[in-house]
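With the sequences and hints as input, model every part of the structure.
Mapped onto the numbering used here, the consecutive letters of the sequence shown carry residue numbers 11 to 538.
None of these hints come from the bench; they were simulated from the model.
Honestly, I wouldn't trust all of these hints.
[Said to hold, decoys possible] Computed Cβ-Cβ distance ranges for the label pairs, DEER-style: (1) 201 x 253: 24 to 32 Å; (2) 182 x 206: 15 to 23 Å; (3) 528 x 343: 42 to 50 Å.
[To be verified] Calculated pairs, DSS-like style, for lysine-lysine (alpha carbon to alpha carbon, straight line, at most 30 Å): (4) 141 x 217; (5) 523 x 141; (6) 445 x 217; (7) 343 x 379; (8) 397 x 445; (9) 397 x 379; (10) 445 x 388; (11) 343 x 388; (12) 217 x 388; (13) 141 x 445; (14) 343 x 397; (15) 397 x 217.
Predicted model, so just to flag it, every value in this text is computed and none were measured.
Don't be surprised by glycine CBs; every beta carbon is placed ideally from N, CA and C.
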Amino acid sequence: MGVDTCLGGLQLIEAEFIAVRQRGFLDVSVGHRGTRWGFPGDHHRAPPAQASLLVRHPRLRIGTQLLARCIDPCLAAPCIVHILLYLSSSLSNRFSRSGQLFCKLLNCCIVLPETSALCWSTIFLQRSIVKITGVRTIHFAPFANITFLELTTDSGIVGLGETYYTPRSVTAYIGEVLTPLLLESDPRQIEAFWRRAYENSHIYGNKGLEMRCLSAVDVALWDILGQELGRPIWQLLGGTSNPEGVPVYNTCASAGYGQKAPDISRKVNTAATGTYQDFEAWQPGGDAGELARSLLDMGIRAMKIWPFDRFALANHGQTISFAEIDEGLRPWKQVRDAVGLEMDIILEGHGYWALQPARRIAEALEPYKPVLLEDLMKPDNPRTLAKLRSSTRTPICASELLMNRYAVEEMLRADACDVVMTDVTWAGGITECRKTADMAETNNMGVIFHDCTGPVTLAASLHLAAHATNTWMQEIVRAFTLGFYLELVDHPFVVENGRMQPPQRPGLGVALKPETLDRDDCQITVLV
11 MGVDTCLGGL QLIEAEFIAV RQRGFLDVSV GHRGTRWGFP GDHHRAPPAQ ASLLVRHPRL
71 RIGTQLLARC IDPCLAAPCI VHILLYLSSS LSNRFSRSGQ LFCKLLNCCI VLPETSALCW
131 STIFLQRSIV KITGVRTIHF APFANITFLE LTTDSGIVGL GETYYTPRSV TAYIGEVLTP
191 LLLESDPRQI EAFWRRAYEN SHIYGNKGLE MRCLSAVDVA LWDILGQELG RPIWQLLGGT
251 SNPEGVPVYN TCASAGYGQK APDISRKVNT AATGTYQDFE AWQPGGDAGE LARSLLDMGI
311 RAMKIWPFDR FALANHGQTI SFAEIDEGLR PWKQVRDAVG LEMDIILEGH GYWALQPARR
371 IAEALEPYKP VLLEDLMKPD NPRTLAKLRS STRTPICASE LLMNRYAVEE MLRADACDVV
431 MTDVTWAGGI TECRKTADMA ETNNMGVIFH DCTGPVTLAA SLHLAAHATN TWMQEIVRAF
491 TLGFYLELVD HPFVVENGRM QPPQRPGLGV ALKPETLDRD DCQITVLV
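Structure representation (structure tokens):
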């Protein structure tokens with residue numbers, strides 16, 4: 011220790027490595043004994059203030075990240091090679107003999123963009139300890155039901171999570187219950203944290219607010235792990251089973267659906283660009299056939315509507331008349347007349363119906379060949395849902411309202427559904443929903459990933475959907491993905507040939523745009 015090693019003009023000191031991006035010609039910071047960067051003839055010591063910053067950086071047993079950047083790739087390449095040789099021989103051998111450290115090369119990549127002629131070499135080395143040092147929730151008034159969560163580590167990595175509904179309660183629970191657990195945990199030990207948080211909440215119920223908050227934290231922890239290792243989440247899960255992309259269907263909601271936005275225009279717009287008001291298109295006076303054509307033009311070949319819901323509100327879903335049935339069939343007739351069977355149609359029921367009217371609706375729909383019946387009844391009684399399933403030839407889907415895998419297991423044991431739906435930011439995060447998907451696969455069933463909420467939900471779902479071998483479909487709302495999702499986050503969600511790829515950047519691959527945090531309607535609550 012303490013011996014300087016000069017490699018191709020790069021000054022390395024055998025000590026703990028620290029990754030700090032500077033503004034210099036070549037950016038590498040090393041150890042508590044000093045820092046040098048540049049190429050031959052360009053060496054100089056870091057300024058005292060900068061050196062002080064390095065001294066205060068948490069000490070690393072194994073190291074963290076070496077980041078090299080230069081204008082001329084030809085000059086950078088020898089330096090990169092020297093770093094690799096140094097790590098693979100000198101450091102590994104020395105640390106092995108001493109028995110103190112283990113140096114593991116996790117990632118090395120050289121990128122030469124054609125336009126910028128920049129060369130980056132990134133070598134990731136696992137750190138012995140990682141700590142959460144910052145926790146905050148973010149809420150935007152126009153999107154009143156969404157709570158974003160940011161977790162910051164001691165090395166500056168920011169993990170992003172999200173959940174839906176009751177934002178004040180979400181912030182309170184994360185601050186009071188989950189933050190103390192986070193501060194004393196290594197955020198990379200995701201499974202251990204999940205189990206501890208779940209067991210701590212079991213005594214007072216853990217299937218509502220508690221599970222939604224844990225979901226948001228879990229997604230943020232996976233984001234941190236991916237960024238730490240330089241890999242997207244879908245790779246950490248074991249790679250993709252769907253290399254061509256995840257099949258999607260469009261939930262035909264409008265830009266303001268589920269949000270407190272009374273000023274949203276009710277004008278029907280099914281054009282290829284603009285503000286999509288898909289909800290109005292299948293309402294009385296609209297044209298669901300034209301809506302179906304618009305979706306097909308975008309490559310989307312499945313859609314979801316809920317035309318019977320309004321009849322349930324009058325009598326708590328206990329009865330439905332034949333006249334109401336006929337009115338609810340109107341958009342189905344329009345779609346079939348316009349595009350035939352080119353468009354698959356899913357019925358959403360939102361759990362509004364009792365068994366008898368649910369059977370009547372299912373029977374009336376069969377001539378129109380629905381591909382799926384989702385939540386015609388509440389999923390809280392698997393036995394009665396099994397009765398509905400036995401009375402129809404249309405597959406039954408249940409349900410994002412099942413808040414963990416134990417509830418899904420009860421549904422499967424009752425033979426109550428044909429397809430499982432889960433929500434990554436409601437039902438336990440990536441950690442739990444992965445197990446739910448595996449459970450469905452064990453029972454030879456497909457899984458659908460729910461999103462009618464926010465951009466983090468969709469991004470996290472796509473990672474898991476890309477990985478799972480039994481993915482049936484990913485739900486999207488094009489009014490959201492081509493609307494406020496683009497407004498808030500830095501990743502565009504693109505549909506190609508009816509499919510969507512997961513983000514490719516390390517971690518979640520999605521972050522809030524920095525300028526959104528300066529908006530007048532943005533409320534940030536700092537918990538740590």
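Do the hints match the structure? See the list:
1. 201 x 253: 24 to 32 Å: The hint (24 to 32 Å, Cβ to Cβ) holds, given that residue 201 and residue 253 are roughly 27 Å apart.
2. 182 x 206: 15 to 23 Å: 20 Å, holds
3. 528 x 343: 42 to 50 Å: 49 Å, holds
4. 141 x 217: 28 Å, holds
5. 523 x 141: The hint holds at about 24 Å.
6. 445 x 217: 16 Å, holds
7. 343 x 379: 11 Å, holds
8. 397 x 445: 26 Å, holds
9. 397 x 379: 20 Å, holds
10. 445 x 388: Holds. Residue 445 to residue 388 sits at ~22 Å (cutoff 30 Å).
11. 343 x 388: 27 Å, holds
12. 217 x 388: This hinted pair holds, its Cα atoms lying about 15 Å apart.
13. 141 x 445: 27 Å, holds
14. 343 x 397: 27 Å, holds
15. 397 x 217: Cα-Cα ~25 Å, so holds.
Checked against the numbered hints above, the structure violates none of them.
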